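Asker: Residue numbers (our numbering), protein chains in the order written: chain H, 1 to 111; chain V, 1 to 114.
Keep in mind the hints are simulated off the structure, nothing from the lab.
As the structure is a computational prediction, the values presented were derived from the model and not from experiment.
One or more hints might be untrue.
[Claimed, not checked] In silico lysine-lysine, DSS-like type, Cα no more than 30 Å apart, as pairs:
hint	chain 1	residue 1	chain 2	residue 2
1	H	K70	H	K56
2	H	K57	H	K70
3	H	K70	V	K57
4	H	K98	H	K57
5	V	K9	V	K57
6	H	K98	H	K70
7	H	K59	H	K70
8	H	K98	V	K9
9	V	K57	H	K98
[As the list claims (entries may be wrong)] Quick list of simulated restraints, FRET-style, between CB atoms:
hint	chain 1	residue 1	chain 2	residue 2	range
10	V	R63	H	T20	32 to 42 Å
11	H	A78	V	Q67	27 to 37 Å
12	V	A14	H	T51	46 to 56 Å
13	H	K57	V	G16	44 to 54 Å
14	V	R18	H	A68	37 to 47 Å
15	H	S110	V	D71	38 to 48 Å
16	V	Q67	H	S30	20 to 30 Å
By construction, the Cβ of each residue, glycine as well, lies at the ideal position given by its N, Cα and C atoms.
Listed below are the residues making up each chain.
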Amino acid sequence: TQLLEQSPQFLSIQEGENLTVYCNSSSVFSSLQWYRQEPGEGPVLLVTVVTGGEVKKLKRLTFQFGDARKDSSLHITAAQTGDTGLYLCAGTNTGFQKLVFGTGTRLLVSP
Amino acid sequence: DSGVTQTPKHLITATGQRVTLRCSPRSGDLSVYWYQQSLDQGLQFLIQYYNGEERAKGNILERFSAQQFPDLHSELNLSSLELGDSALYFCASRGTGSGANVLTFGAGSRLTVL
């Protein structure tokens, strides 16, 4: 069974602070995705990374895929209250037949 | 609106009962995935269908079953319900071509078993 462990589980910070969320596995994935989920809604895709060592930036969010394609990180610069939510990493192998989700990181950004 | 429709949004039932959750994928999407999300947990993959055929199975209990119909909508059947089955059940559909690596989720069906 492929497992994706995220850390930290919970993160409570003030607006303007920086943070990093980690996603680790002992398995290799062909691609890794990050989702954000808000209460009462389904997860929404933020980014997909497919190449070991790849770095993608979306405004204040920076995503990195580990060289060995077993881990990933999400860094948020100058967090805003709108960043509050549950962040989920998810890995898949070729064929995208099974997207395995991580344990989740719940982020609370206070004004 | 993500384009993936799930019904019902909320469902309260008793132990031992059977329920059916319904999912309509985005127009044109052939793949449907079902996930279970219990309180404070991540999403557990249950099962995937592609154009009516089962393609992958995850940690789906024998009491649970699913199918995808010719019109591509899918149903997840949960029987002999237990308290521990209380959870959010999400359906997601996957696109084709440039959207082949994107899962679009519905808003979920919240099941409460009393």
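Asker: Using the Cβ atoms, figure out if S110(H) sits within 38 to 48 Å of D71(V).
Answerer: Cβ of S110(H) to Cβ of D71(V): about 46 Å, so the range 38 to 48 Å holds.
Asker: Is the gap between the beta carbons of R63(V) and T20(H) within 32 to 42 Å?
Answerer: Given about 40 Å between the Cβ atoms, the range holds.
Asker: Can the restraint linking K9(V) and K57(V) be considered satisfied, given a maximum Cα separation of 30 Å?
Answerer: holds, 24 Å
Asker: Please verify whether K98(H) and K57(H) have alpha carbons no more than 30 Å apart.
Answerer: Given that 30 Å is the threshold and the Cα spacing comes to 26 Å, the pair holds.
Asker: Using the beta carbons of Q67(V) and S30(H), state whether their distance is inside 20 to 30 Å or not.
Answerer: holds, 28 Å
Asker: Between the alpha carbons of K57(H) and K70(H), is the straight-line distance 30 Å or under?
Answerer: holds, 19 Å
Asker: A range of 37 to 47 Å was offered for this pair. Does it hold for the Cβ distance of R18(V) and A68(H)?
Answerer: holds, 45 Å
Asker: Assess, step by step, whether the Cα of K98(H) is no farther than 30 Å from the Cα of K70(H), and give holds or violated.
Answerer: holds, 16 Å
Asker: Do the alpha carbons of K70(H) and K56(H) lie within 30 Å of each other, as the hint requires?
Answerer: holds, 17 Å
Asker: Hey, K57(V) versus K98(H), does the alpha-carbon distance stay inside 30 Å?
Answerer: holds, 8 Å
Asker: Hinted pair, alpha-carbon criterion (30 Å max): K59(H), K70(H). Please report holds or violated.
Answerer: Holds, at roughly 25 Å.
Asker: Take the C-beta atom of A14(V) and the C-beta atom of T51(H), compute their distance, and say whether it sits inside 46 to 56 Å.
Answerer: holds, 50 Å
Hint 11 from the list above is the single one not met by this structure.
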